[in-house]
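Starting from the structure of chain U, add chain E where the hints point.
Protein chains: 2
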Amino acid sequence: ESRLPGFATHQIGVRFALVFQTKNAWKFPGGLSDPGENIGATAVREVYEETGVRSEFRSLLSIRQQHNHPGAFGMSDMYIICRLSPLTYDINFCTQECLRCEWLPLAELAQTNATTPITTRISRLLLHGLERGFDSIDLTMEELPAVYSGMFYQLYHRQLPQTPKS
Amino acid sequence: ESRLPGFATHQIGVRFALVFQTKNAWKFPGGLSDPGENIGATAVREVYEETGVRSEFRSLLSIRQQHNHPGAFGMSDMYIICRLSPLTYDINFCTQECLRCEWLPLAELAQTNATTPITTRISRLLLHGLERGFDSIDLTMEELPAVYSGMFYQLYHRQLPQTPKS
Numbered sequence: 001e002s003r004l005p006g007f008a009t010h011q012i013g014v015r016f017a018l019v020f021q022t023k024n025a026w027k028f029p030g031g032l033s034d035p036g037e038n039i040g041a042t043a044v045r046e047v048y049e050e051t052g053v054r055s056e057f058r059s060l061l062s063i064r065q066q067h068n069h070p071g072a073f074g075m076s077d078m079y080i081i082c083r084l085s086p087l088t089y090d091i092n093f094c095t096q097e098c099l100r101c102e103w104l105p106l107a108e109l110a111q112t113n114a115t116t117p118i119t120t121r122i123s124r125l126l127l128h129g130l131e132r133g134f135d136s137i138d139l140t141m142e143e144l145p146a147v148y149s150g151m152f153y154q155l156y157h158r159q160l161p162q163t164p165k166s
Numbered sequence: 001e002s003r004l005p006g007f008a009t010h011q012i013g014v015r016f017a018l019v020f021q022t023k024n025a026w027k028f029p030g031g032l033s034d035p036g037e038n039i040g041a042t043a044v045r046e047v048y049e050e051t052g053v054r055s056e057f058r059s060l061l062s063i064r065q066q067h068n069h070p071g072a073f074g075m076s077d078m079y080i081i082c083r084l085s086p087l088t089y090d091i092n093f094c095t096q097e098c099l100r101c102e103w104l105p106l107a108e109l110a111q112t113n114a115t116t117p118i119t120t121r122i123s124r125l126l127l128h129g130l131e132r133g134f135d136s137i138d139l140t141m142e143e144l145p146a147v148y149s150g151m152f153y154q155l156y157h158r159q160l161p162q163t164p165k166s
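Chains as they are written, first to last, in this note's numbering: chain U, 1 to 166; chain E, 1 to 166.
Next up, chain U with everything else stripped away, as it sits in the complex (with noise of 0.2 Å):
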């Protein structure tokens, strides 16, 4: 079958891709967590920052550790990978924070050399998805109360068939 459907609702995370300026490498768009934010509120606020496309949270995929990254104050990095779903297709772009951002193939992206290993492999990942079900690779989120306080943390791990997400 094709491996570059049309646009589908479930594609965000799937074809787009961000090329910044300091490297000539197909980066997917992202950023740092403000205090008290959601993981998937932060990937939504980052996109649109980003790229101007407004999307919704569908599930988390990836999580990268890092000691002494440089970007994170010489502490350990936790970068985590969510997959998007796009509920516009415009791009405006910071021409400071990248030299080109565009909708590109997923199959393109998963072949390409002009890009990261983790870009390569959630790309691989994706198409995977495509192809049996995106149920195969994501990790959905939950939001439960906790016992003792009252507050609602959210949880991510893979769905069970006995487990209806709520």
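You can trust all of the hints, since none of them are fake.
Derived pair list, reagent style DMTMM-like, types lysine to aspartate or glutamate, alpha-carbon separation capped at 25 Å: (1) U:Lys27 to E:Glu142; (2) E:Lys27 to E:Asp77; (3) E:Lys27 to E:Asp138; (4) E:Lys27 to U:Glu142; (5) E:Lys27 to E:Glu131; (6) E:Lys27 to E:Glu108; (7) U:Lys27 to U:Glu131; (8) U:Lys27 to U:Glu49; (9) U:Lys27 to U:Glu108; (10) E:Lys27 to E:Glu49; (11) U:Lys27 to E:Glu143; (12) E:Lys27 to U:Glu143.
Every beta carbon over 10 Å from chain U, so not counted as near; a handful from chain E, in silico: (13) Gly30; (14) Phe57; (15) Leu104; (16) Gln111.
Hints were generated in silico from the structure; no laboratory data involved. Every residue gets a Cβ at the ideal spot worked out from N, C-alpha and C, and that includes glycine.
Coordinates of chain E only, in the frame set by chain U:
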């Protein structure tokens, strides 16, 4: 089939639970990362410190994000749940940290009310993994070199058939 298999090499996350003294609830052992410490190393160290059981890291299962967590100094807390394999089975626990520490049958842990919602969900996830294979629930780890710094980072995601674990 039996839900209480004999001790295989991959049963620690499955059968191992702690009761903390303050509340009468079964919980998995765990604790805070030291600076520069990998997720899996923290899990292995904390399990040893709290229970005396030696183990190996297998995979990442779940992430919880909680804001204004009391134990996180008012910051947002990222709680990461790992699957470990036991290397030893004898329990030697600190009576200051918990009342009891036992190898609890996973099926019992998945059913009991004397636990937290997270422990119940993870127990169900592990039962599912026992029945269908842990590759249905695992996020496996790969260590990759950072492109520019030459340092290594750890990347966790669903395993794909076409990207065998290095």
